[in-house]
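Engineer: These protein sequences, in sequence, are chains A and B.
Our numbering puts the first residue of the first sequence at 1, with every later residue one more than the last.
Our numbering puts the first residue of the second sequence at 1, with every later residue one more than the last.
It is worth saying that the hints were derived from the structure and are not from the lab.
C-beta: ideal position from N, C-alpha, C; glycine also.
Treat the hints with caution; some may be incorrect.
[Claimed, not checked] Taking lysine-lysine and the DSBU-like style, the derived pairs with C-alpha atoms no more than 35 Å apart in a straight line are: (1) Lys202/A <-> Lys14/A; (2) Lys108/A <-> Lys129/B; (3) Lys56/A <-> Lys56/B.
[Stated by the list, open to error] Some but not every residue of chain B turned toward chain A, in silico, with C-beta under 8 Å: (4) Thr18; (5) Ile66; (6) Phe67; (7) Ile159; (8) Arg162; (9) Asn165; (10) Leu181; (11) Met183; (12) Ser187; (13) Val189.
This is what each chain is made of:
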Amino acid sequence: MARISIKNLFYRYKKSENWVLKGINFQPPEEGLTALIGDNGSGKTTLGKLMAGILKPFRGQVLIDDQATNELSLADIGQKLGYIFQEPERQIFAPTVEEELSFVLRYKGVAEPEIEVRLTEMLDRFDLRDLRRSFPFQLSQGEKQRLALAAILINQPEYLILDEPTTALDLKRKEELLDIIKGLLDRGIGITVISHDHKFAKKYASRLFTVAGGELVENKF
Amino acid sequence: MRINFDPRTKIVLVMSLTSLAVFVGDPYWLGGLLLVSLFLSYYFKTSLIKVLVKFKKFIGIIIGMIFIQSIFQPGGESLLSIQGIAIITSVGLYKGIAILLRMLIIIVSATILGTSNSRDIVQGLYQWKIPYELAFMVSVAIRFLPLLKEEAIDIYTAIQLRGLNIKELSFKNKVKVYSYLIMPLISGVINKAKELAISVEMRGFRASPNRTSYRCLKLKGSDYFVMTLSLVITAALFIIYINKITISL
Numbered sequence: 001m002a003r004i005s006i007k008n009l010f011y012r013y014k015k016s017e018n019w020v021l022k023g024i025n026f027q028p029p030e031e032g033l034t035a036l037i038g039d040n041g042s043g044k045t046t047l048g049k050l051m052a053g054i055l056k057p058f059r060g061q062v063l064i065d066d067q068a069t070n071e072l073s074l075a076d077i078g079q080k081l082g083y084i085f086q087e088p089e090r091q092i093f094a095p096t097v098e099e100e101l102s103f104v105l106r107y108k109g110v111a112e113p114e115i116e117v118r119l120t121e122m123l124d125r126f127d128l129r130d131l132r133r134s135f136p137f138q139l140s141q142g143e144k145q146r147l148a149l150a151a152i153l154i155n156q157p158e159y160l161i162l163d164e165p166t167t168a169l170d171l172k173r174k175e176e177l178l179d180i181i182k183g184l185l186d187r188g189i190g191i192t193v194i195s196h197d198h199k200f201a202k203k204y205a206s207r208l209f210t211v212a213g214g215e216l217v218e219n220k221f
Numbered sequence: 001m002r003i004n005f006d007p008r009t010k011i012v013l014v015m016s017l018t019s020l021a022v023f024v025g026d027p028y029w030l031g032g033l034l035l036v037s038l039f040l041s042y043y044f045k046t047s048l049i050k051v052l053v054k055f056k057k058f059i060g061i062i063i064g065m066i067f068i069q070s071i072f073q074p075g076g077e078s079l080l081s082i083q084g085i086a087i088i089t090s091v092g093l094y095k096g097i098a099i100l101l102r103m104l105i106i107i108v109s110a111t112i113l114g115t116s117n118s119r120d121i122v123q124g125l126y127q128w129k130i131p132y133e134l135a136f137m138v139s140v141a142i143r144f145l146p147l148l149k150e151e152a153i154d155i156y157t158a159i160q161l162r163g164l165n166i167k168e169l170s171f172k173n174k175v176k177v178y179s180y181l182i183m184p185l186i187s188g189v190i191n192k193a194k195e196l197a198i199s200v201e202m203r204g205f206r207a208s209p210n211r212t213s214y215r216c217l218k219l220k221g222s223d224y225f226v227m228t229l230s231l232v233i234t235a236a237l238f239i240i241y242i243n244k245i246t247i248s249l
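Assemble the whole structure, with the sequences as input and the hints as a guide.
Structural biologist: Structure, rendered in structure tokens:
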């Protein structure tokens, strides 16, 4: 299980003098669903990107299993964490659904029979079997989101960060996503969801935090 | 006192410099043109240093191009040879340096256009009777470049976050992985273009054949003077250079 720990984190963007995040101390539970909520522009996505090592802290530290993200490559982080961007199109690369799921494993040198097992499991779990040979960019938004999630999970990460996963999903698709999230939680994968969908977050998260004014406050249920 | 030139004057200056840079092949002439570009870039207070810093990543490619030029267009004295094969020849090196100078002139002179805002450049082109659609397309392309860069960085980040260490891959696999990056980038561009097309048409773009502008550019005497001088000098240099080549033949 991946353990993320944030210590006295300050962050601001290069061309700005305003702190987006000020003195954040945060350790999301290794298991269960943690939700980060807040208004648009409050710094939720920035915090998520810092947790995933995509952004590096201006001051303070973000540690993944006691190693600072400054010292880890994105590939090292990707072995432990999975990050789903707001726009799933940005993390779909291959011309077919099955290649999308399997190409990274091939470059990592995973044996073909093992790839086939993992591929079949993901296609079944995310209801993508009939779309196996489809062109990913022509899938619906919900299908793209499921594919992006499957492509991350096939690498067997220990922790997941989902940025606004419910955006552009209707009620039915939200419930489907929730079923997938529940399944992942049952397997012991810890998840942080970044969302401005307060209802969704309050209903399903075991811990809820609000990002506002550059600070992080835990909400009590 | 610094004169505030019309964007069209800058376009003429840049076109003169880049046309000469493409036409002329002599490194001494190109060196002179580069000096003129640098002077103009200094005069217009461009962000040249920032641009050059961005281009430092391409130094390897530029040096590589000098060698390639030297190998495929050999001639003159052999300056470096390996097992009898001339790697660098005097003519090859001469042509390689010419390409390097040519690229620098184009980069340096292009920074001059960056000192006018893109809306003014579009307005200038439109007042020169260039169809507004074309001028608008140019400005949109310039406007979207930084967004495209941001998207490319996100895509590159996303593929690495799958646990793929691109640096450790073989050259062949690296090329294949880079080809995967193109797909989301093109998809993003097509989607943006579709959305933008719908958005501008909904706002009445091309709804009527004639377009009026609140902001109108007006050429001053100094603009006419610089444009005329620039075109005359360019034409004169063309003629002198052609005569020089004809005599040497």
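Engineer: Would you list, in rising numerical order, the hints stated earlier that this structure does not obey?
Structural biologist: 2, 4, 5, 6 and 13
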